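A.B. asks: If you read the sequences in order, they're chains U and Y.
At position 98 of the first sequence the residue is numbered 98 (the numbering used here), and the sequence of numbers has no breaks.
At position 59 of the second sequence the residue is numbered 59 (the numbering used here), and the sequence of numbers has no breaks.
In case anyone wonders, no lab produced these hints; they're calculated from the structure.
Because the structure is a prediction, the values reported are computed rather than measured.
Sample of chain U residues lacking proximity to chain Y, with all beta carbon distances greater than 12 Å (derived):
| hint | residue |
| --- | --- |
| 1 | L17 |
| 2 | P23 |
| 3 | G24 |
| 4 | N45 |
| 5 | R94 |
| 6 | G96 |
| 7 | E98 |
| 8 | G99 |
| 9 | A112 |
| 10 | G117 |
| 11 | G119 |
| 12 | G121 |
Taking CB as the label site, the calculated pair distances span:
| hint | chain 1 | residue 1 | chain 2 | residue 2 | range |
| --- | --- | --- | --- | --- | --- |
| 13 | Y | P54 | U | E63 | 30 to 36 Å |
| 14 | Y | H51 | U | P44 | 42 to 48 Å |
| 15 | Y | S2 | U | T49 | 19 to 25 Å |
| 16 | Y | A112 | U | E33 | 16 to 22 Å |
| 17 | U | F18 | Y | R78 | 20 to 26 Å |
| 18 | Y | P44 | U | M50 | 42 to 48 Å |
| 19 | U | P13 | Y | E63 | 19 to 25 Å |
| 20 | U | A43 | Y | P54 | 39 to 45 Å |
| 21 | Y | P97 | U | K118 | 43 to 49 Å |
| 22 | U | D15 | Y | L17 | 31 to 37 Å |
Note that CB positions come from ideal geometry on N, CA and C, so glycine has one too.
2 protein chains.
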Amino acid sequence: MSQRAEYHNLDDPSDGLFRELGPGLTTRIFPGEHAMLSVVTIAPNAIGTMHDHPEEQWGVLLEGTAIRFQGGEEIPVRQGDFWRTPGGVPHTMRAGPEGCRVLDIFAPPREAYRKAGKGFG
Amino acid sequence: MSQRAEYHNLDDPSDGLFRELGPGLTTRIFPGEHAMLSVVTIAPNAIGTMHDHPEEQWGVLLEGTAIRFQGGEEIPVRQGDFWRTPGGVPHTMRAGPEGCRVLDIFAPPREAYRKAGKGFG
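Please build the complete structure, drawing on both the sequences and the hints.
C.D. replies: So, in C-alpha cells, the structure goes:
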C-alpha cells in the first residue's frame, strides 16, 4: 500500500478533521494508532476552556506567543517552545496579541477527536 | 509539583538526551510516559540508515528540505510537511543541500532512547 496518504502539511487548510474547540480556537486533527496530531489556531487574545483528560499531551508553539496555563501555573511561551502535559493535569492557553498556532500531540489518541466536531471533548 | 520542568525549546542545545544517530545526524530526546519527542538535525546531504521499529512515528519538517524514504517510496518534503510512519515500516531520510531539522514523535516511547547514546537503537 502506498504511504502517500500518510503525508500532510501544517499549512494545508483542506486536510485533517476540522474541530471548533471554542470561540477563536479551531483545529485540524490527524489521528494515528498510538498518537494523534492537532494543528490548533488561536485568534489574538482568545483563550480556551480549562480542561483535563487522561491522555498525555505535548504542545509545540509553531507561531506567535501565548500564555500556557498548566497545573495552576501560568507560563509565557514563544515560537519554538514545547511542553509536556501529563494526563490529568488541568490546562489551557491564551494567545498573545498576534494569535498563535500550536501543534498538539495526544498519546494515546483522544477517541472523541477521531471525528470532526465541536468542543474540547 | 511545579510543571516548569515540562517546558523546553526546540533551539536549546543544552536540553534533552543527546544521541548521535549516525554520521551527520544528531538528536536531542525528550521522553514522556506515552510519547517521546526527538529534535533531529541532519547535515547537508547526510542520510540515515534504513531501519524500522514497532513504535508508531510521526515526523515534522521544521527547517530545510529532505527526501523521505518510507515503505519503498521516496517522497520530497519541505518545511511544514509532516507524516506518520506506522510501526514496522522501513524508513530513513536524506537532507537536502542546506540540511534540515525534524521533530520526530514516537508513540509509545522507544525504550532504547531513554538514555543518551549512539545509533538508531
